[in-house]
Every structure is written in C-alpha cells, then in structure tokens.
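Colleague: Listed below are the residues making up each chain.
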Amino acid sequence: MIPLNYYLLFAAFLFSVGVVGVLIRRNAIIVFMCIELMLNSVNLTFIAFSAFMGNAIGQMFVFFVMTVAAAEAAVGLAIIIALFRNKKTINIDQINLLKW
Amino acid sequence: MTFIDQYILSILTFSPIIGVIILFLFRVKNSISSKTIGLISSIITFAISIYIYSKFDLTQNAFQFVQANQLFIDLDIKYAVGIDGLSLILILLTTFLTPITILSAFKSIEKRVNEFIVMMLMLEVGMIGVFVSTDLFLFYIFWEAILIPMYFIIGIWGGQNRIYATIKFFIFTMAGSLLMLVAILWMGNYAVAQSIGKFSTDYLVLLEIAKSIPENVQLYLFLAFTISFAIKVPLFPLHTWLPDAHVEAPTAGSVILAGVLLKMGTYGLVRFSLPLFPMATIYFTPLFATLAVFGIIYGALVSLVQTDLKKLVAYSSVSHLGFVVLGIFAATEESIQGSILQMVNHGLSTGALFLLVGMIYERRHTREISDFGGLAKSIPIFSTFFMIVTLSSIGLPGLNGFVGEFLILVGSFNSSNLNSNWFTIFATSGVILSAVYMLWMFQRVIFGKIKNEANSKISDLSKREVAVLVPIIIFIIWIGVYPTTFLSISSNSTKKVVAYFEKNNQSQTMFLENK
Amino acid sequence: MVNYINYTSLILIFPLIGFLINGVFGSKLKSEKLIGSISVLGVSIPFFISSLILIQMLSSNIDERLYIVNLFSWIDVGSLKINVSYLIDELSIIMTLIVTGVGALIHIYAIGYMHGDKSFWRFFAYLNLFIFAMLNLVLADNFLLMFLGWEGVGLCSYLLIGFWYDRNFDKSTTADAAKKAFIVNRIGDFGFLIALFLIFTNFGSLEFVDVITQASVLQSGDELLTAITLLLFLGATGKSAQIPLFVWLPDAMAGPTPVSALIHAATMVTAGVYLLARTSAIFILAPFTMNVVAIIGITTAIFAGTIGLVQNDIKKVLAYSTISQLGYMFLACGVGAFSAAIFHLMTHAFFKALLFLAAGSVIHALHHEQDIYKMGGLKKYLPITFFTFLIAALAISGIPPLSGFFSKDEILYKAFSFGSFWYWFFGFIGAGLTTLYMMRLVYLTFYGNENFDDSIKPHESPKVMTIPLIVLAILSAIGGLIGIPHALGGTNYFEEFLEPVFKTSNSQLPFVFENITTEYLLMALSVAISICAIWYARNLFLQNLKKSELIKNKFSSAHNILVNKYFVDEFYEKIFINPIKKLSDSFLWKWFDIKIIDGLINNSAKFIQYLSSVLVKVQTGVTENYVQIFVLGVTLILLKIIL
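Protein chains in written order, with the working numbering: chain A, 1 to 100; chain B, 1 to 515; chain C, 1 to 643.
A few of these clues could be false.
[What the hints assert, rightly or not] Pairs of lysine-lysine, DSS-like flavour, derived with a Cα cap of 25 Å:
1. C/K33 with B/K377
2. B/K311 with C/K582
3. C/K565 with C/K554
4. C/K565 with B/K457
5. B/K377 with B/K451
6. C/K171 with B/K451
7. B/K495 with C/K33
8. C/K81 with B/K496
[Stated by the list, open to error] Reference excerpt, derived from the structure (chain A facing chain C, CB under 8 Å, subset only):
9. L14
10. V17
11. L23
12. E72
13. I90
14. K99
[What the hints assert, rightly or not] Label-pair restraints from in silico Cβ distances:
15. C/N625 with A/I29: 16 to 22 Å
16. A/V68 with C/I597: 28 to 34 Å
17. C/H115 with B/I18: 54 to 60 Å
18. B/P380 with C/F421: 55 to 61 Å
19. C/G116 with B/P380: 16 to 22 Å
20. C/G621 with A/Y6: 57 to 63 Å
21. C/I597 with B/I148: 23 to 29 Å
22. C/A605 with B/V182: 17 to 23 Å
Because the hints were derived from the structure by calculation, they are not lab data. Even for Gly, the Cβ is constructed at its ideal location relative to N, Cα and C.
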C-alpha cells in the first residue's frame with residue numbers, strides 16, 4: 001500500500017503548482033485552471049485522509065467541493081467571456097477596473 | 001386586560017405599516033390618493049394613541065401596557081415595550097404631528113410621492129418605537145432605524161445642497177449613537193456578573209445594576225450616552241448639523257426633525273442619563289448646564305443675524321432646546337416637568353414655524369427675509385397665524401411657550417443640583433433675546449410697505465393649509481391657558497425620576513466629595 | 001342681597017368675548033357701529049359690574065373688603081401652585097374702575113376717530129384684548145397672573161403701535177416703534193421674572209397675600225428684599241417708561257391717538273406704579289430701593305420735562321409729559337406715599353387721556369398734522385376741544401381746584417415731609433416745567449396765527465368724539481375733590497378708602513406731625529410757580545414768539561441736546577444694539593459657527609479623506625498584486641505556525 005505521505009506530498013506539489021500558476025500567469029483562463037488545480041489538490045488530500053482513517057466524511061466533503069467548483073467554473077467562465085466581449089482581452093494585467 | 005390592550009403598543013408602533021403595505025400592494029399611481037392613504041393611515045395611528053391615552057392610568061408611575069418577548073435564548077435581550085407618562089406625551093406629539101406634516105406635503109411633494117409617504121410612515125414607526133422601547137437593544141434599533149427614512153427624506157426631496165446636509169446629519173448622529181452602543185454593550189456585559197447572570201439590556205434590570213458599576217466607569221458610560229443624546233438635541237457646540245439639515249430638508253422633514261427627532265435626545269436624557277447615572281449627572285452638571293445656557297444665548301444671537309428664514313428658525317431651536325437641557329440637568333420636579341412640556345411646546349411652535357415658512361416658500365420660492373415685507377397687507381390670514389406662532393415661540397404668557405419656560409426657569413433657580421442662580425439668570429436673558437430676533441424677523445417679513453411686487457400678488461392660505469395650522473394653534477392656546485391637561489400626563493414619571501435621582505445622589509455624594 | 005363679587009369673572013369675560021367676536025368675525029361684520037358697540041359693551045359692562053362691587057364694598061365693614069375669587073388652577077407642579085384667581089380689594093377695584101371707565105370713554109371716542117379705517121374691526125379687537133389683559137394685571141391675586149396681564153398689555157401695545165404697519169414714523173417705521181416698545185419692555189420683564197424666581201424660592205408662593213405676610217416678618221433692609229424690590233422696580237421702569245427704559249414711550253406715539261390715550265397715558269404705563277403699590281409692604285422694608293425709586297422718579301420727571309419743552313410734535317410733548325408725571329408717581333412711591341401715587345395715577349388718567357383725545361381731535365381736524373408750529377388759532381374752530389384741552393392743561397399744571405392740584409400737591413407735600421427738601425424742590429421745579437410746556441401747547445395750538453394750510457378747513461369733531469371729551473373734562477375738573485387734604489378742611493376720602501391696603505406700609509413710615517402752616521406754604525408756592533409759568537408761556541409763545549426764537553438761538557447747543565432727547569437713543573444704539581449685532585454676525589455666526597465649529601467638523605472629514613487617498617493606492621486593481629500579498633500572508637502565517 002502506498003503510504004499516506006506520498007499522497008500528501010503529491011497534493012502539496014499540485015497545490016504549489018497551482019499557486020505559482022496563479023502568481024505568474026497572465027491569461028485569465030490559465031489562472032482559473034490553476035485555481036481548479038489547487039482545489040483538486042485539496043480534494044486529493046481529503047480522499048487520502050478519508051481512506052486512511054476509514055472515515056467517509058472526507059469523501060463527502062470532496063463532493064461538496066466538486067459541486068462548488070463546478071458552479072464556480074460556470075460563473076467564472078461566464079465572467080471571463082463577458083470580460084473578453086468588452087475588453088477584447090483576457091490578460092489580467094489589463095483588467096484593473098477595481099482600481100481606486 | 002383584553003387581548004387588544006395587551007398588544008396595543010405593538011399595534012400602535014406598527015400601525016403606520018398598514019399604509020405602507022397598501023401603497024406597495026396596489027401600486028397607487030395617483031399622487032393625491034397615495035397622499036390620502038398616508039394621511040388616513042397616520043390618522044388611524046393618532047386615533048390609536050388617543051385610545052391608549054384614554055386607557056392610561058395617570059395615577060401610576062410604572063410602565064403600562066407592558067409586553068415582552070424574549071428574542072434570544074441565552075441573552076436577556078427582549079422585544080419589550082411599555083410606556084409611562086413621559087413616553088406617552090411624546091408619542092401623542094409624534095402621532096399628532098405626522099398627519100399634519102403629511103397633509104402639509106400635499107402640494108409641495110410632487111416627485112416619488114409613494115416613496116415619500118412610505119418614508120414618512122416608516123419614520124413614524126421608528127419614532128414611536130423609540131418612545132415605547134423598554135429594552136435598550138430595541139431602543140437602539142429604533143433609534144438607528146430613524147436615520148434611514150430621514151436620510152432619504154432630506155437626500156431625495158431636499159434643496160440644492162441636500163447631499164452635504166444629509167451626510168453631515170447622518171455622520172453626526174451615527175458617531176453619537178455608536179458611543180451609546182458601546183455603553184449599552186458594556187452595561188449588558190456587566191449584567192453577566194450580577195444576580196441576573198446573563199447579558200441583559202432590559203431597562204429595569206440595568207437600572208438596578210447601574211448603582212453597583214464602579215464610579216469611574218459610570219462617568220464614561222454617562223458621557224457616552226449623554227454625548228449621543230446631546231448631538232441629537234442638539235446641544236451647543238454639537239449643533240452645526242441642524243441648520244444645514246433644516247435648510248435642505250423639505251418642509252415635512254423639517255417639521256418632523258424639529259418636532260420629534262430632536263426630542264428623542266432630550267427624552268434619552270430624562271429616561272437614561274439621569275436615572276442610570278445619577279452620580280455622574282451631578283459630576284457633569286456644571287459642564288452640561290453651562291453648555292445649555294451658552295446654547296440659549298448663542299442660538300439666540302446667531303438667529304438674530306440670519307438672513308434665511310429657515311436657518312433662523314433652526315438656530316432658534318438650538319436656543320429653545322438649551323432651555324430644555326438646562327431644565328433636565330436642574331433635576332427638580334418643576335424644571336423637568338417644564339422641560340417635558342417645553343419639548344411639546346417646541347414641537348408645536350417650531351413645527352408650525354417651519355410649516356409657515358414652507359407655505360410662503362411654495363408661493364415665493366425664496367426664504368430670504370429681505371425678499372419679503374408687507375405681507376400683512378397681501379396675505380392677512382397667513383400673517384395672523386404667523387403672529388400667533390411667533391408669540392408662542394417668544395414665550396408670551398397665555399400661550400404654550402411661557403408655561404414651559406417659566407417652569408424650567410423657576411425650577412432651575414432653586415435647584416440644588418445646579419447650585420448657582422447664575423445659570424438661570426443668564427438663561428432668562430434668552431427671553432429678551434428671543435423677543436428681539438423673532439420680532440425683528442416678523443417685522444421685516446410681515447410689516448412695512450410692500451417693496452417687492454411679487455409679494456402683492458401671492459394668494460392667501462388655502463383651506464387645506466388652514467386645516468394644517470388650526471390644530472396646532474388650538475394646542476398652543478390650550479397649553480398656555482390650561483397646561484394641567486398635559487402636565488398631569490408626565491407628572492408621575494417626573495416625580496419618579498426626581499425621587500430616584502435624589503435617592504441615589506445622597507448615597508453617592510460621598511464619592512464626589514472624595515473626588 | 002346680591003353679592004356682586006360672584007360676578008367678578010364677568011368683568012374679565014366680557015372684554016374677552018368682545019375681542020373674540022371682533023377678532024374672528026370682525027372682517028365679515030360690515031357695520032362700524034356694530035363692531036364699535038360690541039367693543040364698547042365689552043368695556044362698559046365690566047365698568048358697571050365693578051361699580052356695583054365698589055358700592056357693595058363701601059357698604060361693608062372695613063375689615064371685610066378683601067375678596068379672592070378663584071376660577072381654576074393654572075399651573076400645578078411640585079410646590080408651584082398657581083391659580084387663575086382674582087383679588088378684589090380697594091386698590092384693585094379703583095384700578096379696575098379707572099381702566100374700564102376711561103377705557104369705555106376712549107372706546108367711544110375711537111369709533112369716531114377710526115371711522116373709515118380699513119382695519120376698523122382689528123383695532124377694536126385689539127382694544128378689547130388690551131382691556132382684558134389690563135384687567136388681569138390689576139385684578140390678579142398672584143405675581144404670575146399679573147405677569148400674564150403685564151406681558152399681555154405689552155403685546156397689545158405692540159400690536160396697536162404697529163397698527164398702521166405700513167406707515168413711516170419719524171426716521172423709521174411704526175413697526176420699528178412697536179418692536180422697540182416690546183423689546184424694551186422685555187428688558188424690564190427680565191427683572192420681573194428674576195424677582196419672581198427669588199420670591200418663589202424664598203417664600204414658596206407667588207400669591208400676594210402669602211408673600212406679603214411672609215416678607216413682613218423680615219427685617220427692614222434685608223438683602224433679599226432689596227434684591228427683589230430692585231428687580232421688580234426694573235420691571236416697573238420698563239412698563240412705566242422711567243430712566244433708563246423710557247425710550248420706547250415717545251416712539252409709541254406712532255400708534256393711533258386713542259391708543260396713546262388709553263395705553264400710553266391712562267392705563268398701561270401706570271402698571272409699574274400699580275405694581276409698587278401692590279407690593280408696597282415689601283418695598284417699604286427695603287429703604288435702599290425706596291431711595292432708588294424716589295431718585296429715579298424725580299430725575300425722570302425733570303429729565304422728561306425738559307425734553308418736553310422743545311418737542312414740536314403735539315403727541316410727543318404729551319408723551320414726555322406722561323413720562324414726567326409717571327416720575328412724580330414713582331417719587332410718591334419712593335417716599336412711601338403710595339396712596340398719593342395712586343391718587344395722582346387716577347387724576348392723571350383723567351386729564352392725560354383728555355389731553356391726548358383732545359390732541360387727537362385737533363389732529364383729526366387738521367388731517368393728521370401733528371406739528372404744533374403748523375397749527376395755531378384753532379380756538380374758534382374747535383371750541384369744545386379747546387375748552388376741554390384747556391381744563392386738562394390747567395389740571396395738570398396744578399391750578400386749584402382742578403384735580404391735578406390736589407394730587408400733585410399731595411405728592412409734593414409727602415415728598416417734603418417723608419423725603420427730603422430736595423425731592424420737594426425738584427418736584428417743585430418740575431411742576432413749573434410741566435405748566436410751561438403744557439401752556440406752550442395751548443398757546444401754539446389754539447391761539448395766535450393760523451399756521452396751517454389754507455386748504456384745510458378745521459371743523460369740530462363729531463359728537464361721538466366730543467362727548468367723551470366733555471365727560472373726561474368734568475372728571476379732570478372735579479376728580480380731585482375726593483381727596484381734599486385735611487389742611488384745606490376736607491376729608492381725604494381717597495386716602496381713607498385705600499388705608500387698609502397700605503396699612504402695613506404706612507405703619508413703617510416715620511411719624512410726621514401734621515404741620516398745616518408748611519402745607520399751606522408749599523401749596524401757595526406751587527400755585528405761584530404755575531401761575532408764573534403760565535404768564536411766562538403767554539409771554540414767550542403768544543405775545544413774543546421772536547423772543548422764544550432768541551432764547552433758542554442763544555442756547556442752541558442746549559436746545560439741540562434737548563431736541564435730540566439727550567441722545568439717549570443714539571447712545572443705546574452705539575453701546576448695546578450695534579455691538580450685539582456685530583458680535584452675532586461676524587464673530588459668532590460667520591467666524592465661530594462656520595469657521596471654527598463647522599470648520600472643525602469639515603476638516604476632520606477632509607483629514608479622513610486625505611488619509612484614505614493615501615491608503616487607497618494599495619488598490620492597484622491588478623489581480624496578481626492581490627494574490628501576491630495573499631500568498632505572502634498565508635506563508636507568513638504558516639511560518640508562524642510551523643516555527
């Protein structure tokens with residue numbers, strides 16, 4: 001059996017990839033995908049713990065997270081499309097409407 | 001007690017909502033009919049308050065028509081209502097003035113009529129709520145809730161510079177009430193360690209435990225409450241929001257603002273500051289009495305040189321409310337009774353003055369004193385009403401203002417709390433000054449030759465406008481000739497406040513002597 | 001037998017009804033006669049009722065002449081209990097009779113005088129309201145109700161001075177004059193109010209009977225009593241136009257002449273004297289105040305008399321004469337001769353009302369001309385007016401056996417025996433001045449050349465105006481006979497009648513042995529100076545007008561001061577009014593209120609705005625920056641947890 005640590009390390013790695021992606025990429029869709037990546041790394045952690053502790057709660061949480069992520073993806077993509085229609089770009093450097 | 005009597009105060013408080021619901025449900029389009037709905041709704045509220053007055057037991061001094069529902073399980077925070085004489089007289093003033101102001105707005109408000117009526121009715125809910133609450137939490141909710149409709153009334157239907165005035169009004173009041181909120185929370189938390197054993201904002205509970213609060217903290221709590229009330233009153237030097245708010249507000253807003261909203265401050269002083277913190281009251285009396293007297297003279301002198309009618313009346317409010325605050329801090333039976341009566345008087349006289357200024361503004365679209373003159377010739381009925389109200393405002397014996405002023409002055413003259421006659425003597429000079437600024441204004445507006453052609457062509461008061469003013473005039477004369485009707489309402493509550501105050505200050509003068 | 005005391009409330013109700021009818025429906029009543037009659041009834045019925053009460057009083061025992069009629073409770077708070085109740089005694093009934101009697105005559109006169117005025121009804125409504133307030137003032141049994149009347153008459157005075165609100169008067173307007181009257185009176189009322197507070201705080205009551213009983217126990221010269229009496233006297237100087245608050249009365253002549261006669265000569269202005277008489281038992285215990293009263297009284301008498309000498313407006317001369325005569329009454333009060341003061345108050349009410357009404361008749365005949373140098377020779381056109389005016393002028397000059405002789409001599413004699421030689425001496429000089437300016441009026445108005453415009457054809461006034469003149473002339477002539485001094489072999493009925501009211505105060509006076517020789521001497525002297533003054537006036541203003549011009553030019557600076565009334569108005573304006581206006585406007589309002597208080601508020605708001613304008617820079621709007629900071633924060637927290 002694969003030890004728990006492997007799962008956790010892998011999840012941490014995935015999470016870091018997501019964080020770095022959010023930090024350095026300019027394309028909104030990629031940023032968005034990185035966020036999903038971070039969510040999935042959390043899901044992985046949940047499932048790993050759930051399996052190792054013989055407790056279903058973790059898996060239940062994952063379903064919640066997935067549902068929320070799906071909804072979020074829908075809204076997020078819609079926003080990005082709306083942005084693109086208006087600004088002809090999805091480069092987040094150029095989208096600074098929330099500026100003072 | 002019948003079912004209705006048990007819930008009568010809640011019914012009274014929320015009865016104006018009937019009008020709101022009708023306006024929303026039926027989406028009334030015709031401006032006259034929506035105003036009529038508002039008028040009828042507020043008259044119903046007035047009728048309910050008269051019913052309460054008829055059932056009210058004047059011989060008792062405890063809260064009556066009490067209703068209390070626990071709102072939280074672990075915290076002693078209640079929906080608790082009840083009235084004594086002090087609340088009753090101010091409720092009557094509120095329910096009396098609201099229909100009058102709505103009637104006065106029949107012609108002047110033309111845009112967003114439904115919203116206006118809804119705001120006025122919601123304002124009434126808030127005002128009655130403030131006076132019936134016996135739980136500080138509930139009191140605070142109503143106290144703050146009033147800001148919202150008032151904010152919109154000035155902000156939407158106001159004059160040129162209304163946004164500045166609205167924000168100023170809002171922030172001033174808000175700053176004060178946050179102080180009060182902190183004090184309420186502190187006291188509620190203090191109750192946990194007392195016999196009640198849990199967080200409590202019940203007025204009667206706090207009244208009990210307030211005695212045991214450490215003296216130094218009492219001073220801070222007193223200041224927090226009193227500054228909040230002083231802003232509302234407004235006490236010099238916290239008054240500068242008032243002239244702006246009055247000038248920008250529509251007539252109906254000014255009348256309610258002067259008539260009732262300012263009274264919430266003085267009501268708070270009598271209801272909370274004095275009974276809860278008698279020791280701190282004594283400690284701070286010299287300060288607040290000085291400010292009150294200063295406000296009397298200052299308000300009068302500044303009124304003297306105003307060129308805008310509404311501003312003049314607004315500054316005169318500062319002067320008049322100074323009398324009320326002086327009477328409250330004098331803490332004798334005569335002076336507090338005088339203050340309570342003067343609250344009503346000011347509501348009637350200044351309310352009527354704002355109505356009259358509003359009526360002339362509708363005709364001439366100016367409020368500059370120098371634009372008028374010789375109105376006695378062109379609009380005699382208006383002039384007659386204006387004269388009576390002016391005289392009432394300067395405290396002519398036989399009209400309402402005199403009784404209140406005299407009681408305040410005579411009560412404060414032999415007050416042991418003020419401990420000096422000079423407060424009264426300086427305050428009395430306000431009587432001279434009020435005659436100076438009011439009569440000078442009156443003379444420039446009403447007497448003299450007609451200099452401006454526009455003044456000779458204006459129409460005299462319509463039947464509706466006479467109907468707005470006559471009820472006020474009746475009360476102005478009634479209070480002047482036979483004030484007992486009104487004094488007897490608040491008599492027992494005043495006695496209770498004074499007795500409570502005196503009982504407590506004896507036990508705590510020790511502390512003051514050490515200080 | 002009917003007890004007329006029970007009808008006291010009617011005395012007050014009738015003028016009130018008259019006021020309400022005329023005030024509310026007056027504009028719809030077309031007939032002047034109807035309005036006038038309602039108003040006259042409103043005054044004359046109370047006159048009859050009070051006459052009946054007087055008769056009843058005379059027939060009852062001396063100790064039982066004090067009645068208190070309680071109507072209802074006015075204010076009842078804590079220990080302050082004020083009733084609307086009326087005190088009927090010798091003093092108040094005399095005042096009531098004067099007010100309603102003279103008042104009724106003036107009402108009748110006014111029907112003629114005000115004929116054709118567009119606000120006829122308003123005038124009579126105000127007049128009745130005035131009578132109502134004045135009756136409250138004289139009949140009240142407590143200080144506060146008296147204060148109600150006191151302010152009430154002030155209000156009516158205000159309304160009636162400004163009755164012709166769109167006319168000019170002197171350099172300003174009638175409305176200015178009205179406002180001035182009210183405000184100056186308010187300054188006096190300030191003193192009155194503080195006195196009330198002192199009385200209530202120390203005696204626990206505001207009822208005359210209670211207060212006097214408690215005050216009489218105190219030592220003479222007690223500080224409290226001195227303070228109370230001085231403050232009350234401040235109130236009296238306002239209402240009765242004494243130094244320093246006399247400035248409003250000459251301006252009050254802006255009102256219609258019947259108003260000047262009723263309010264500013266016969267009744268309202270005597271309220272101060274009445275107040276002193278009513279509280280005589282307290283005043284007598286404050287010798288310091290008594291001296292102040294006497295000195296102010298005599299100074300005012302001389303001061304106003306000198307101004308009266310050079311005024312050219314017929315009504316203004318009479319106004320200054322009123323101030324001067326009121327000074328005499330205060331002199332009498334100041335030396336403790338309260339009944340003499342009331343006696344003079346009564347005779348003065350007769351002849352001064354008459355003088356004003358007759359002057360009104362002249363003004364009426366000359367189409368509102370008031371300058372005496374534009375009159376003259378009116379004797380043959382206005383015979384009745386002339387005769388009545390002459391009687392009044394002789395009465396005020398103290399020519400026996402007219403009423404003024406008895407009352408003024410009484411005052412001078414009392415001033416001499418209770419006061420000092422100097423009081424008498426200045427009073428004596430004042431009497432000469434009085435005669436001089438009165439006869440100046442007589443000669444310039446009725447004798448000499450006709451200086452008025454040719455187009456004016458003067459004619460005698462209608463009967464409705466002349467009959468009141470005649471009645472008042474009879475009263476001025478014989479009114480003094482009820483107070484003939486003992487020295488002349490009469491019985492002073494008036495003083496005896498008032499004796500119970502002033503018992504307490506009289507008992508405090510020093511005993512003076514009645515010296516008939518002195519009294520004769522003083523009488524002779526004052527008659528002599530009057531006759532001299534008449535002769536001198538005849539010389540100056542009838543035979544030798546040029547000589548009066550000469551004197552005027554010789555003392556032109558003095559004359560200038562007198563014409564400008566010693567510049568008192570200007571002085572007040574410079575010292576009080578202008579600085580207050582300036583202080584309020586540029587300092588309190590435009591600087592303190594707007595710059596300091598509001599500036600503080602607005603600047604604190606601006607400060608917050610500035611702070612946020614710095615902090616807001618953090619919001620770059622670039623998502624990455626937010627994320628960077630976010631990640632940095634999370635890392636820091638993690639580090640903190642791990643380490």
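Colleague: Next, verify each hint and record whether it holds.
Modeller: Here's how the hints hold up against the structure:
The hinted pair formed by C/K33 and B/K377 meets the criterion: a straight-line CA distance of about 24 Å does not exceed 25 Å. For the hint linking B/K311 to C/K582, the alpha-carbon distance of about 18 Å falls within 25 Å, and the restraint holds. With a CA separation close to 19 Å, the supplied pair C/K565 and C/K554 stays within the 25 Å bound. Pair hint C/K565 plus B/K457 does not hold up; C-alpha atoms about 42 Å apart against a cutoff of 25 Å.
Annotation: proposed proximity of B/K377 to B/K451 holds, straight-line Cα distance about 12 Å (limit 25 Å). At most 25 Å may separate the alpha-carbon atoms for a hinted pair to count; C/K171 and B/K451 meet this at roughly 18 Å. Distance check on the hinted pair: B/K495 and C/K33 sit about 55 Å apart at the alpha-carbon level, beyond 25 Å; violated. Distance restraint check for C/K81 and B/K496: the Cα-Cα separation of roughly 19 Å lies within the 25 Å cut-off, and the hinted pair is therefore satisfied.
The closest approach between the C-beta of A/L14 and any C-beta of chain C is roughly 16 Å, which is over the 8 Å cut-off, so the hint fails. The restraint placing A/V17 at the interface with chain C is violated, with a minimum CB-CB distance near 13 Å, outside the 8 Å limit. The closest approach between the C-beta of A/L23 and any C-beta of chain C is roughly 6 Å, which is under the 8 Å cut-off, so the hint is satisfied. Among the interface hints, the one on A/E72 is violated; its C-beta lies about 16 Å from the nearest C-beta in chain C, farther than the 8 Å criterion.
A least Cβ separation of about 12 Å between A/I90 and chain C goes past the 8 Å threshold, and the interface hint is therefore violated. Of the supplied interface hints, the one on A/K99 holds, with its beta-carbon coming within about 3 Å of a beta-carbon of chain C, less than 8 Å. Evaluation of the 16 to 22 Å hint for C/N625 and A/I29 yields a pass: the beta carbon distance comes to about 20 Å. The beta-carbon spacing between A/V68 and C/I597, approximately 54 Å, falls outside the hinted interval of 28 to 34 Å.
Here the CB-CB span from C/H115 to B/I18 is close to 59 Å, well matched to the stated 54 to 60 Å. The hinted range of 55 to 61 Å is satisfied by B/P380 and C/F421, whose Cβ atoms lie roughly 58 Å apart. Between C/G116 and B/P380 the beta carbon distance is about 19 Å. The supplied range of 16 to 22 Å therefore holds. Judged by the Cβ atoms, the range 57 to 63 Å given for C/G621 and A/Y6 is violated: they are separated by roughly 41 Å.
Separated by about 27 Å at the C-beta atoms, C/I597 and B/I148 satisfy the suggested range of 23 to 29 Å. For C/A605 and B/V182, the hinted distance range of 17 to 23 Å is satisfied, since their beta carbons lie about 22 Å from each other.
Comparing the model with each numbered hint stated earlier shows that hints 4, 7, 9, 10, 12, 13, 16 and 20 do not hold.
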